[in-house]
Amino acid sequence: MKQVNFSLNGKPVSLEVQGQESLLTVIRIYLSQTGTKYGCGIGECGACTVLIDKEPVRSCTTLAEDIEGKDIISIEGLHTQEALHPLQEAFISHDALQCGFCTSGMIMNAYGFLLQNPNADRKKIIEGMESNLCRCGAYNRIVDAIQTAGKEMLK
Amino acid sequence: MKSEIKNETVYSRRRFIKNLGGGVIVVFCLGEMSFSSLFAQEILAPEEIDFNAYLRVKEDGRVDCFTGKIEMGQGIVTSLAQVVAEELEVSIYNIDMVMGDTELCPYDRGTWGSLTTRFIDPVLRAAAAETREVLLDLAAEHFGISKSFLQVIEGVVSVKDDSTKKISYAELTNGKKIVRSLTRKPEIKKAKDFKLIGKPIGSLDAEAKVTGKAKYSGDILLPGMVHATIVRPEVFGSKKVKVDASKLADFAGAQLVEKDNLVAVVHRDPEVSNQAANSIQVTWDAPVAKANQETVFQYLEDTIQDHEVFKKEGTLSSGKEVSTVYKEATYHDGYKAHASIETHVATCFFEGDKFTLWASTQSPFGTRSAVARALQMPEEKVHVKQIFLGGGFGGKSNSQQSIEAATISKLCGKPVQLVWSRKEEFMYDNFRTAAVVKVAGGTDNKGKLKLWDFDIYCAGTRGTELFYGVPNNRIRSFNQSGVHPFGTGAWRAPGNNTTTFARESHIDVMAHAAGIDPLEFRLKNLNNNDMIATLQLAAKTFGYDKEKEPGHGYGIALGQDAGTLVAMIAEVFVDTKTGEVQPIRIVCSQDMGQVVNPHGATLQTEGGITMGIGYALSEEIEFEGGDLKTTNFNRYEITRFSKTPTIECVFIDKMDSAPQGGGEPAIICVGAAIANAVFDACGARVNRMPITPERILTAL
Numbered sequence: 001m002k003q004v005n006f007s008l009n010g011k012p013v014s015l016e017v018q019g020q021e022s023l024l025t026v027i028r029i030y031l032s033q034t035g036t037k038y039g040c041g042i043g044e045c046g047a048c049t050v051l052i053d054k055e056p057v058r059s060c061t062t063l064a065e066d067i068e069g070k071d072i073i074s075i076e077g078l079h080t081q082e083a084l085h086p087l088q089e090a091f092i093s094h095d096a097l098q099c100g101f102c103t104s105g106m107i108m109n110a111y112g113f114l115l116q117n118p119n120a121d122r123k124k125i126i127e128g129m130e131s132n133l134c135r136c137g138a139y140n141r142i143v144d145a146i147q148t149a150g151k152e153m154l155k
Numbered sequence: 001m002k003s004e005i006k007n008e009t010v011y012s013r014r015r016f017i018k019n020l021g022g023g024v025i026v027v028f029c030l031g032e033m034s035f036s037s038l039f040a041q042e043i044l045a046p047e048e049i050d051f052n053a054y055l056r057v058k059e060d061g062r063v064d065c066f067t068g069k070i071e072m073g074q075g076i077v078t079s080l081a082q083v084v085a086e087e088l089e090v091s092i093y094n095i096d097m098v099m100g101d102t103e104l105c106p107y108d109r110g111t112w113g114s115l116t117t118r119f120i121d122p123v124l125r126a127a128a129a130e131t132r133e134v135l136l137d138l139a140a141e142h143f144g145i146s147k148s149f150l151q152v153i154e155g156v157v158s159v160k161d162d163s164t165k166k167i168s169y170a171e172l173t174n175g176k177k178i179v180r181s182l183t184r185k186p187e188i189k190k191a192k193d194f195k196l197i198g199k200p201i202g203s204l205d206a207e208a209k210v211t212g213k214a215k216y217s218g219d220i221l222l223p224g225m226v227h228a229t230i231v232r233p234e235v236f237g238s239k240k241v242k243v244d245a246s247k248l249a250d251f252a253g254a255q256l257v258e259k260d261n262l263v264a265v266v267h268r269d270p271e272v273s274n275q276a277a278n279s280i281q282v283t284w285d286a287p288v289a290k291a292n293q294e295t296v297f298q299y300l301e302d303t304i305q306d307h308e309v310f311k312k313e314g315t316l317s318s319g320k321e322v323s324t325v326y327k328e329a330t331y332h333d334g335y336k337a338h339a340s341i342e343t344h345v346a347t348c349f350f351e352g353d354k355f356t357l358w359a360s361t362q363s364p365f366g367t368r369s370a371v372a373r374a375l376q377m378p379e380e381k382v383h384v385k386q387i388f389l390g391g392g393f394g395g396k397s398n399s400q401q402s403i404e405a406a407t408i409s410k411l412c413g414k415p416v417q418l419v420w421s422r423k424e425e426f427m428y429d430n431f432r433t434a435a436v437v438k439v440a441g442g443t444d445n446k447g448k449l450k451l452w453d454f455d456i457y458c459a460g461t462r463g464t465e466l467f468y469g470v471p472n473n474r475i476r477s478f479n480q481s482g483v484h485p486f487g488t489g490a491w492r493a494p495g496n497n498t499t500t501f502a503r504e505s506h507i508d509v510m511a512h513a514a515g516i517d518p519l520e521f522r523l524k525n526l527n528n529n530d531m532i533a534t535l536q537l538a539a540k541t542f543g544y545d546k547e548k549e550p551g552h553g554y555g556i557a558l559g560q561d562a563g564t565l566v567a568m569i570a571e572v573f574v575d576t577k578t579g580e581v582q583p584i585r586i587v588c589s590q591d592m593g594q595v596v597n598p599h600g601a602t603l604q605t606e607g608g609i610t611m612g613i614g615y616a617l618s619e620e621i622e623f624e625g626g627d628l629k630t631t632n633f634n635r636y637e638i639t640r641f642s643k644t645p646t647i648e649c650v651f652i653d654k655m656d657s658a659p660q661g662g663g664e665p666a667i668i669c670v671g672a673a674i675a676n677a678v679f680d681a682c683g684a685r686v687n688r689m690p691i692t693p694e695r696i697l698t699a700l
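Chains as they are written, first to last, in this note's numbering: chain A, 1 to 155; chain B, 1 to 700.
Read the hints as simulated data drawn from the structure, not as lab findings. Given the structure is predicted, the values throughout are model-derived calculations rather than measurements. Hints are supplied without guarantee of correctness; some may be wrong.
[As the list claims (entries may be wrong)] Subject to a maximum C-alpha distance of 30 Å in a straight line, what follows is the list of computed DSSO-like cross-link-like pairs (lysine-lysine): (1) B/Lys190 - B/Lys147; (2) A/Lys54 - B/Lys215; (3) A/Lys123 - B/Lys546.
[To be verified] Away from chain B, derived, C-beta distances all over 12 Å, residues of chain A: (4) Val4; (5) Gly10; (6) Asp53; (7) Lys54; (8) Ala64; (9) Glu68; (10) Asn119; (11) Lys123; (12) Glu130; (13) Lys155.
C-beta atoms are modelled at their ideal positions from N, C-alpha and C, and glycine is treated no differently.
Please model the complete structure; the sequences and the hints are all you need to start from.
Encoded structure:
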């Protein structure tokens, strides 16, 4: 067992781990933050997407031993007590979800994408989101929501 | 046997009501109502007739609405609240939907078949209307005047010509417990009086879902819970011969659980339970492979002997005689996975002999029975709790993972969570079956259909009744149980996806052979005025007569499902060098009767179309017998952002008629609309789904 130190949603965390566990297990099971979802286990669907040092990554293929010293943000860390994040607001106003199971990963991937591409157009958004999967078929609304949120985040 | 069920039901009705606190409770019993005519075609369990829905106006004025249906993304948590709010005259935001809890909600067989809006809406509306009348009676008593002088606005009853005299539902119910059973059909609102029905309402569960707070079965973490990993064979249908668990000792705290064909490991840490399960060697006896994804179609045709005639009119031979154009073709469709992003999950615990379960199931009551049967315990000792589902599409209609989790929990004596891996999800998916449709059609020299011969292997007859006028026709269904190498089951509008693909592709083939535009050919041959209107609305919305860009094609498909008529027109671009298809635009027109929530209906339609593009263009299960090669999204290509076209949904305006199905119908037309558009764009007629680039290049 080894110690890893990192921050999750701004709070410092220190954990004993084997090292080979997935970050997804660390977040969901060890730390009981269940907003991040398991969908495929091989990084193909994006339901488990979180931010590590502001970059969107698949938590299901990230090892616990590789998160030492990192800042991790999961869906639970996106909003404050007072207000939802513009992306969350936009996903609601565009109704960009159905079953909601891919939604956390979609929002986190979009967040990381918008941080790097604040003025992205529709085409660029589609490229940036292409490897996140939604079976209910909310894609068009998700793109609309990301466009709306992108404008809001620039304000 | 019958009376036993009856007694149990009466018992459970009493128990439900006893368990509730104060307020006004209205119980709705279908058996006592003329509504049962709605269900005339269904065979109902006595529970369903006895006790179907109820509402409770609580002492704080909020309303609990109890239904055995579940929410899996289809939006009924919103649309059902909407109809209750309409009749009860309260804000929709004051309604709490209590769904799929087997100890709180009335019995329901399952959430499938696009039945909720058709059958539960009228029931809930009646219950809500009755509840409003009970509250008005109380108010009339309170003010000492006749009910006819009262009005309700947003849960407050007031005297019509004296607005100072008012009392809220909360005040009326305070300290009371009034239980009413509906004995007559209450007055429900006419369309002209609707305030909420027909208005677009955003999903009520959206905030919980964008913040990660919405709970799914895997999000329930119980004290002392262990995670289970089941050791699975590589080949579906294998039988266990020998288990070598000698390496299990390397994993401290791991426990082996074995019963019949089930071999599992549990551990507090899911990572350790996975590793420990990997260390177990099981020798399996696998069934012999009989087919793969290429040979399965011939195998099905050769193997299946039994058939039944579903429809027959005129004689096929005379139809052929009068036909100047005659075309035969065979259409193939491979196995398709449901591929919900949430896999099958169950979290559960025993407390003494009482079992509590959160499970991703479209049928909480079916799961209750299945678990009780499997574990030989009384049904009332099994409690299935309310939970969100991360997609269903028909794939969560069985209870396999719940039985597995319950068995493991019982044997290891601890609370258990079982999350199927994506590989398990594919293996035990119960695929939409592979199918063959053999079609022969004929038209006379005026382009009128005279012959239609339609033989369906494995896809069933749902939605195959002809809406084209053909004097000589026959529809036969060939099927046989146990013929598939995997489990098969319902998949969003089951075989209707396959048969609509075959029919509408072949209608296009007939139109082109007759030298008539496919739109004109359909309008000429349709014998259903509602379908004609639906198609005309689609053509007008699409702008069918607009000139096409080079490489682009238009394709039409018509279909019927769950009481709804669908007309779809697709525009695609085909790259003839690579065979790649890019869907550009899809217009979907539907006659679904009364549209309760146009916004919700639009979401469902968009979703169905988006999902349908996957089965039409890219979703393919590869296998050698029960040895599945497609085990994750890296080989199972569902629709992505870039393949999603612009989608426009339009509905025929019929607010005074009964609502019809909305979750499934649109998806059935996607295959043929795309196939026909591909043909229009480049001349490649592909008779097998998915319509892959290779198949397009071969057809060219």
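How the hints compare with the structure:
1. Simply put, B/Lys190 and B/Lys147 have alpha-carbon atoms about 20 Å apart, close enough for the 30 Å limit, and the pair holds.
2. With a CA separation close to 26 Å, the supplied pair A/Lys54 and B/Lys215 stays within the 30 Å bound.
3. Restraint check for A/Lys123 and B/Lys546: satisfied, since their Cα atoms lie roughly 25 Å apart, inside the 30 Å limit.
4. For A/Val4, the requirement that its beta carbon stay farther than 12 Å from each beta carbon of chain B is met, with the minimum near 14 Å.
5. Every beta carbon of chain B lies more than 12 Å from that of A/Gly10, the smallest distance being close to 16 Å; the non-interface claim holds.
6. Remark: the non-interface label on A/Asp53 is consistent with the geometry, its nearest Cβ contact in chain B lying 20 Å away (cut-off 12 Å).
7. Once the 12 Å rule is applied to beta carbons, A/Lys54 is consistent with being away from chain B; the minimum gap is 19 Å.
8. With a minimum CB-CB distance of about 9 Å to chain B, A/Ala64 fails to clear the 12 Å threshold, and the non-interface call is violated.
9. Here A/Glu68 stays apart from chain B, with its beta-carbon at least about 18 Å from theirs, past the 12 Å limit.
10. With a least CB separation of 19 Å from chain B, A/Asn119 remains clear of the 12 Å interface cut-off, as annotated.
11. At roughly 9 Å from the closest C-beta of chain B, the C-beta of A/Lys123 falls inside 12 Å, breaking its exclusion from the interface.
12. Not every beta carbon of chain B lies more than 12 Å from that of A/Glu130, the smallest distance being close to 5 Å; the non-interface claim is violated.
13. Taking the minimum C-beta to C-beta distance to chain B, about 20 Å, the non-interface status of A/Lys155 holds against the 12 Å cut.
Checked against the numbered hints given earlier, this structure breaks hints 8, 11, 12; the rest are met.
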